[in-house]
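Number of protein chains: 2
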Amino acid sequence: MKHQQAMRKPEGNGWRLSKLPIMEIFGPTIQGEGMVIGQKTMFVRTAGCDYSCSWCDSSFTWDGSGKSEIKMMDANEIWAELKSLGGDGFSFVTISGGNPALLGNLNSLVDLLKENNIRICLETQGSKWQDWFIHIDELTISPKPPSSKMITNFSVLDSIINNLKQNDLKQNVSLKVVIFDEIDFEYAKGIYQRYEGVPIYFQVGNEHLTLLDNVELTCILMKKYEWLINKVMEDHDLKNIKVLPQLHTFVWGNKRGV
Amino acid sequence: MKHQQAMRKPEGNGWRLSKLPIMEIFGPTIQGEGMVIGQKTMFVRTAGCDYSCSWCDSSFTWDGSGKSEIKMMDANEIWAELKSLGGDGFSFVTISGGNPALLGNLNSLVDLLKENNIRICLETQGSKWQDWFIHIDELTISPKPPSSKMITNFSVLDSIINNLKQNDLKQNVSLKVVIFDEIDFEYAKGIYQRYEGVPIYFQVGNEHLTLLDNVELTCILMKKYEWLINKVMEDHDLKNIKVLPQLHTFVWGNKRGV
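So the sequences go chain by chain: A and B.
Using my numbering, read the first sequence as starting at 19 and increasing by one per residue.
Using my numbering, read the second sequence as starting at 19 and increasing by one per residue.
Looking at chain A on its own, in the form it has when it is part of the complex:
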């Protein structure tokens, strides 16, 4: 529960010294999925999650296996590490997890990045609201389908989407649902219908997280992508929708830190 202690807001300038549990910082690389697919970006991955999805591709952030790698860092230290890796060659930072929405004090980092004219992309499953959500430039809400074994709290998700709809700031918001099977597809379709008008991405799930042969992995995922495309094309209820794979998996397989 370290991150909950870190959520208390220190007085005055101390706010910037508030510590965040950071799993890894890497880049520059491309964003491989979702609303800014292809974007040159740095990554900051926070540790800790309120979910434990059966197929999570970043389970080291919450299952204990990456515990020794977690560093408690304040916003200034994170920024210094980003500059050390990316120099002056980036203008975009993606914050991922785990679930970064667990961190009430993440606005220390969000504020510092904005002061440095960095655009921010963030993904969270929509299980918890934070006021700093409205300062994220590209915000992906990614509720988890039945195959994850997680249960969506729709009253929380409804209130998050409603809060974001009332935000007049220049912010892009989208929904993203990962799909592994027919049941997930029906769940994703329900999300599309429930939040009509919010841009939505259906994404192919990768259930081969330990496969090391990139060509074999790409072939399997491409077949699943084609399956998902065909499902969406045949479904007349699904009109304004994007269907995407995870590009980084095609290029780098299941490798971490790229």
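Keep in mind the hints are simulated off the structure, nothing from the lab.
Since we're looking at a predicted model, the values are computed, not measured.
Be aware that one or more of the hints could be misleading.
The list treats identical chains as interchangeable, and a pair is accepted whether it falls inside one copy or across any two copies.
[Unchecked claim] Pairs of lysine-lysine residues, derived as DSSO-like cross-links and limited to a Cα-Cα distance of at most 27 Å, are as follows:
#  : residue 1 : residue 2
1  : 101       : 85
2  : 241       : 85
3  : 273       : 242
4  : 207       : 101
5  : 257       : 188
6  : 249       : 101
7  : 146       : 183
8  : 273       : 132
9  : 132       : 167
10 : 101       : 257
11 : 132       : 183
12 : 273       : 241
13 : 183       : 89
14 : 207       : 132
15 : 249       : 273
16 : 132       : 188
17 : 273       : 257
18 : 132       : 85
19 : 183       : 85
20 : 146       : 207
21 : 146       : 273
22 : 242       : 37
23 : 89        : 241
Got chain A sorted already, so can you dock chain B onto it with the hints?
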């Protein structure tokens, strides 16, 4: 020069009867590249081009090989064909070519699609302005690099980008440059710098247009994609930029009509 004859605006309702040279109409499928990558969309491909790019993947639109397939259709006929193929299962139409910007009377189709609440995506190389550009929801300007053997007219391209910048309508505009080699990369970088602030996509070129083995094609293109990603990541002048492959080529290879 058939399309030039068709550009004369008939009086009154006759406008809708103005004929357009159509190469193919297909869908629904996904948009495989650029600013709306992954989008469920119908496609309308116009015939005729003022360019003859060395590596054009739709050369049948201008090299005579597809001549017998060209149909002269008015907007109502095109809409009827779209509805016949896609029913009520689409809300997005992509107009491609050839170069659809050769057709002054294309606004007959643009107007009809807007009346039916269809979002429109259009791609053109930026060699010619049309007033109906400002009614396109997602407009891609795709100047061609040196490997195409075409010469960019920068005074025309400058004026197109300036016209679009002055447009206050809710329209998304982006630049897209296909890259085959180092010289193309330098050209693309020049485009990035010349039109700073306009969203830009660097796209991997496919020089294997006759390769039938999809797995082999995917492996080759993925290597080239990785090469292009690395070039962009190493270049500190390139910051706010997206790097993408053509997804449809991974799924369907060099097949037409998907």
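Right, here's what the structure says about each hint:
For the identical chains of this complex, residue 101 and residue 85 are intra-copy neighbours only, at 25 Å inside a copy versus 56 Å across copies, given an alpha-carbon limit of 27 Å. In this assembly of identical chains, residue 241 and residue 85 lie within 27 Å of each other by CA distance neither inside one copy nor across copies; the values are 35 Å within and 34 Å between. Taking the shortest alpha-carbon separations for residue 273 and residue 242, both the intra-copy value of 20 Å and the inter-copy value of 19 Å come in at or below 27 Å. In the homo-oligomer, the alpha carbons of residue 207 and residue 101 lie at most 27 Å apart only across protomers (23 Å), although the nearest pairing inside one protomer, at 41 Å, exceeds that limit.
In this assembly of identical chains, the alpha carbons of residue 257 and residue 188 lie at most 27 Å apart whether taken from the same copy (25 Å) or from different copies (20 Å). Within a single copy, residue 249 and residue 101 get their C-alpha atoms only as close as 43 Å, which misses the 27 Å cut-off; across copies the closest is 19 Å, which meets it. When the C-alpha separation of residue 146 and residue 183 is checked against a cutoff of 27 Å, the pair qualifies only within one copy, where the shortest distance is 16 Å, while the shortest distance between copies is 39 Å. With identical chains, the CA atoms of residue 273 and residue 132 are never at most 27 Å apart, being 30 Å at best within one copy and 45 Å at best between copies.
In the homo-oligomer, the alpha carbons of residue 132 and residue 167 never lie at most 27 Å apart, since the shortest distance is 36 Å inside one protomer and 42 Å across protomers. Proximity of residue 101 to residue 257 under the C-alpha cut-off of 27 Å is restricted to the inter-copy arrangement: shortest distance 13 Å between copies versus 42 Å within a copy. Both within a single protomer and between protomers do residue 132 and residue 183 lie at most 27 Å apart by alpha-carbon distance, with minima of 22 Å and 25 Å respectively. When the C-alpha separation of residue 273 and residue 241 is checked against a cutoff of 27 Å, the pair qualifies both within a copy, at 21 Å, and between copies, at 16 Å.
Taking identical chains as interchangeable, the C-alpha atoms of residue 183 and residue 89 are never at most 27 Å apart, the minima being 35 Å within one chain and 45 Å between chains. With identical chains, the CA atoms of residue 207 and residue 132 are at most 27 Å apart between copies only, with a shortest distance of 26 Å across copies and 35 Å within one. Taking the shortest alpha-carbon separations for residue 249 and residue 273, only the inter-copy value of 20 Å comes in at or below 27 Å, while the best intra-copy value is 29 Å. In this assembly of identical chains, residue 132 and residue 188 lie within 27 Å of each other by CA distance both inside one copy and across copies; the values are 13 Å within and 25 Å between.
Taking identical chains as interchangeable, the C-alpha atoms of residue 273 and residue 257 lie at most 27 Å apart only when they sit on different chains, with a minimum of 24 Å there against 34 Å within one chain. For a Cα distance limit of 27 Å, the shortest separation of residue 132 from residue 85 qualifies neither inside one copy, at 29 Å, nor across copies, at 54 Å. Taking the closest pair of Cα atoms, residue 183 and residue 85 never come within 27 Å of each other, the shortest separation being 37 Å inside a single copy and 49 Å across copies. When the C-alpha separation of residue 146 and residue 207 is checked against a cutoff of 27 Å, the pair qualifies only within one copy, where the shortest distance is 22 Å, while the shortest distance between copies is 41 Å.
For the identical chains of this complex, residue 146 and residue 273 are neighbours neither inside a copy (29 Å) nor across copies (45 Å), given an alpha-carbon limit of 27 Å. Taking identical chains as interchangeable, the C-alpha atoms of residue 242 and residue 37 are never at most 27 Å apart, the minima being 41 Å within one chain and 41 Å between chains. In this homomeric assembly, residue 89 and residue 241 never come within 27 Å of each other (Cα to Cα): the closest approach is 39 Å inside a single copy and 34 Å across copies.
Figure legend: structure checked against the earlier numbered hints; hints not met, in rising order: 2, 8, 9, 13, 18, 19, 21, 22, 23.
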